[in-house]
Amino acid sequence: MNGRWLTLVVLAVLLAGCGTQKVLSPSQAQAVVLNRQGMDHFAAGDIARAQHAFEAALQLERTVENEEGMALNMLNLAQCYQRLGQPARAAAMLDQLWDNGTVAFSPQRRAEAAMQHALLALQHNDAAAAERWQRDGAALCGDCALAGKLRSLAARLALQRGDAADALKAAGEALAKSGDDAVEKANALRLQGAAQLALGQKQGAEAALLQALALDKEGGLPDKILQDLQLLGHAGANADGQRRYWRRALAVAQAAGKSMAVKEIEAALAALPEPVSQ
3 MNGRWLTLVV LAVLLAGCGT QKVLSPSQAQ AVVLNRQGMD HFAAGDIARA
53 QHAFEAALQL ERTVENEEGM ALNMLNLAQC YQRLGQPARA AAMLDQLWDN
103 GTVAFSPQRR AEAAMQHALL ALQHNDAAAA ERWQRDGAAL CGDCALAGKL
153 RSLAARLALQ RGDAADALKA AGEALAKSGD DAVEKANALR LQGAAQLALG
203 QKQGAEAALL QALALDKEGG LPDKILQDLQ LLGHAGANAD GQRRYWRRAL
253 AVAQAAGKSM AVKEIEAALA ALPEPVSQ
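Okay, so the sequence shown: first residue is 3 according to the numbering used here, each after it adds one.
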């Protein structure tokens with residue numbers, strides 16, 4: 003599974019209210035511009051410039067003690083530091099958001115910090131810490147907008163510790179909370195399929211994974227498409243069906259330049275029995 007489950011957040015959301023336009027101070031307006039610049043740099047892969055833009059935006063938000071703007075830029079900065087190979091800085095930024103004795107951040111933003119902490123822990127193979135952060139985030143979030151992502155993370159952690167039944171339950175809960183978010187719906191379906199595979203429910207797994215694949219293709223997400231096809235390679239009803247999925251996965255991996263995935267897929271294809279000649 004891809005670890006970058008959280009998306010960058012843009013301060014433009016602060017401009018919209020309940021049918022009214024929020025009036026921003028000059029500092030906040032400049033922070034919105036900087037945040038958008040950071041988003042653009044991040045999307046273009048220029049993480050260092052994104053970092054500088056988010057840092058400048060955060061400084062402006064601190065001058066007016068805008069808690070929401072501060073939180074959003076801190077979350078974005080943590081992702082920048084993570085992408086730049088600076089996990090300690092990412093964790094320190096998240097700690098400021100999680101347990102700040104001066105500024106009262108909202109429960110949802112603190113839950114987002116907990117989720118990013120969990121993903122950092124997973125990157126360092128610290129499953130116990132990831133479990134703790136996931137539970138802390140879920141307790142704060144309740145039924146907030148992040149609830150589906152936190153349930154997906156719970157499913158992922160359950161799969162990692164070998165509890166497929168718990169993973170299937172959590173994935174179902176994540177799916178129920180995904181709403182109109184196609185990416186999160188596909189994530190939940192992919193986790194559901196993986197859990198069903200682990201439980202030997204190949205037919206159900208194939209159905210869930212095909213739904214995930216359709217959503218990921220609509221979204222044009224090559225990494226997710228590759229994950230779907232690789233799981234489908236295990237879910238096919240017979241060797242011929244599995245071979246078709248693995249060949250599709252191989253084509254995607256080759257086109258995306260995923261050399262390690264290509265080797266894994268070639269090994270999976272080689273392990274299948276030879277097709278029966280007619």
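These are computed hints drawn from the structure, not numbers from a lab.
No experiment lies behind these values; they were computed from the predicted model shown.
C-beta: ideal position from N, C-alpha, C; glycine also.
Watch out, some of these pointers could steer you wrong.
[Stated by the list, open to error] List time: in silico DMTMM-like cross-link candidates among lysine to aspartate or glutamate, alpha-carbon distance up to 20 Å:
1) Lys-171 to Glu-186
2) Lys-179 to Asp-145
3) Lys-204 to Asp-242
[Said to hold, decoys possible] DEER-style ranges, computed between Cβ atoms:
4) Pro-275 to Leu-86: 43 to 51 Å
5) Glu-276 to Ala-46: 41 to 49 Å
6) Gln-162 to Ala-184: 22 to 30 Å
7) Pro-28 to Ala-167: 50 to 58 Å
8) Gly-47 to Gln-162: 26 to 34 Å
9) Ala-239 to Ala-141: 26 to 34 Å
10) Ala-239 to Ala-272: 31 to 39 Å
11) Val-25 to Leu-212: 22 to 30 Å
Identify every previously stated hint that the structure contradicts and give their numbers, smallest first. 9, 10, 11
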